[in-house]
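Chemist: Sequence:
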Amino acid sequence: MKNNIQKKIAIYGKGGIGKSTVVSNIAASYGNENVFVIGCDPKADTTRTLVGKRIPTILDIIKNNKNPKKEDVIYNGFNNISCVESGGPEPGVGCAGRGVIVSMNTLDNIGAFDSNPELIIYDVLGDVVCGGFSVPLRKEYADEVYIVTSGEYMALYAANNICKGINRLKGKLGGIICNCRDTNDEEKIVESFAKHIGSKVISKISRSDLVQKSEFEAKTVVEKFPESNQAKEYQELIENIMGNTDLVCPEPMDFEEFEEFFRKFI
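Using the numbering used here, read the sequence shown as starting at 14 and increasing by one per residue.
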């Protein structure tokens with residue numbers, strides 16, 4: 014799985030869909046310490062299970078230190094994975110996306126990417142693909158995007174909106190990750206959605222109580238239950254991503270088309 018080609022990916026999805034769990038576990042599965050995980054969700058919880066605790070966000074750090082160094086913002090996690098959290102403002106105060114912009118500028122200024130990591134993963138809130146949340150879509154940061162969704166209406170609605178953002182910015186979609194909630198015809202719905210927008214389902218992640226058990230101890234499933242089927246699914250996902258060259262600019266549905274699409278499965 015290791016190679017000399019840097020892979021820069023952004024994982025998007027509706028809030029609460031499990032993208033942070035996916036990001037932390039595929040990073041842990043990669044099996045190479047030359048990995049950089051950047052949390053771009055205001056909840057700042059992407060790296061908790063990699064580091065074993067919540068780490069200070071860049072926004073918090075620069076409040077007291079206007080000229081931070083790498084060691085001030087980058088934390089060492091499981092398998093020596095480099096971890097960063099962008100952070101966001103207090104609820105009701107300022108623009109959450111602004112935190113991503115400030116963080117990306119800070120990382121550039123301190124030379125955070127100078128080590129040329131083999132794999133960079135951005136975990137990005139996908140409910141609104143605008144402002145700062147669109148930054149990782151730009152080519153200088155991420156070369157390809159993956160969307161985490163279930164078969165539920167609102168998750169797919171958000172996924173379709175994310176595709177609109179990718180299309181508008183001429184980005185490249187690598188595929189859909191089906192993070193199962195065990196709803197009726199879930200895999201069929203997600204596969205049909207992926208085909209409808211011109212993409213594919215790159216992997217399916219089963220619903221498992223091992224996720225909650227691991228996260229309670231601030232660990233990934235890969236660390237806590239390395240021999241489990243769930244850990245193997247994350248391993249398969251990162252292998253599929255690293256070997257993927259089938260990238261497309263998605264063709265999202267308009268609102269009426271999406272409503273008609275989903276109505277077929279009710």
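Hints in this document: simulated from the structure, not taken from any laboratory.
Please note that the accuracy of each hint is not assured.
[Stated by the list, open to error] Straight-line distance between alpha carbons at most 25 angstroms, and here's what the computed DSS-like set of lysine-lysine pairs gives: (1) Lys56 with Lys83; (2) Lys20 with Lys201; (3) Lys21 with Lys201; (4) Lys185 with Lys21; (5) Lys76 with Lys66; (6) Lys245 with Lys20; (7) Lys82 with Lys21; (8) Lys226 with Lys185; (9) Lys232 with Lys201; (10) Lys226 with Lys201; (11) Lys208 with Lys66; (12) Lys213 with Lys201; (13) Lys20 with Lys217; (14) Lys177 with Lys66; (15) Lys213 with Lys232; (16) Lys66 with Lys56; (17) Lys21 with Lys208; (18) Lys277 with Lys245; (19) Lys21 with Lys177; (20) Lys277 with Lys208; (21) Lys185 with Lys20; (22) Lys83 with Lys21; (23) Lys208 with Lys237; (24) Lys277 with Lys20; (25) Lys217 with Lys245; (26) Lys213 with Lys21; (27) Lys177 with Lys56; (28) Lys21 with Lys277; (29) Lys245 with Lys21; (30) Lys232 with Lys208.
[Unchecked claim] Label-pair distances were calculated between CB atoms; the ranges are: (31) Asn197 with Glu240: 28 to 38 angstroms; (32) Ser128 with Lys277: 47 to 57 angstroms; (33) Asp267 with Lys82: 26 to 36 angstroms; (34) Glu272 with Arg181: 15 to 25 angstroms.
Backbone N, C-alpha and C define an ideal beta-carbon position, used for all residues, glycine too.
Chemist: Run through the hints listed earlier and report the numbers of any the structure violates, in increasing order.
Modeler: Checked against the structure, the hints that fail are numbers 2, 3, 8, 9, 10, 11, 14, 15, 18, 23, 24, 28, 30, 33, while the rest are satisfied.
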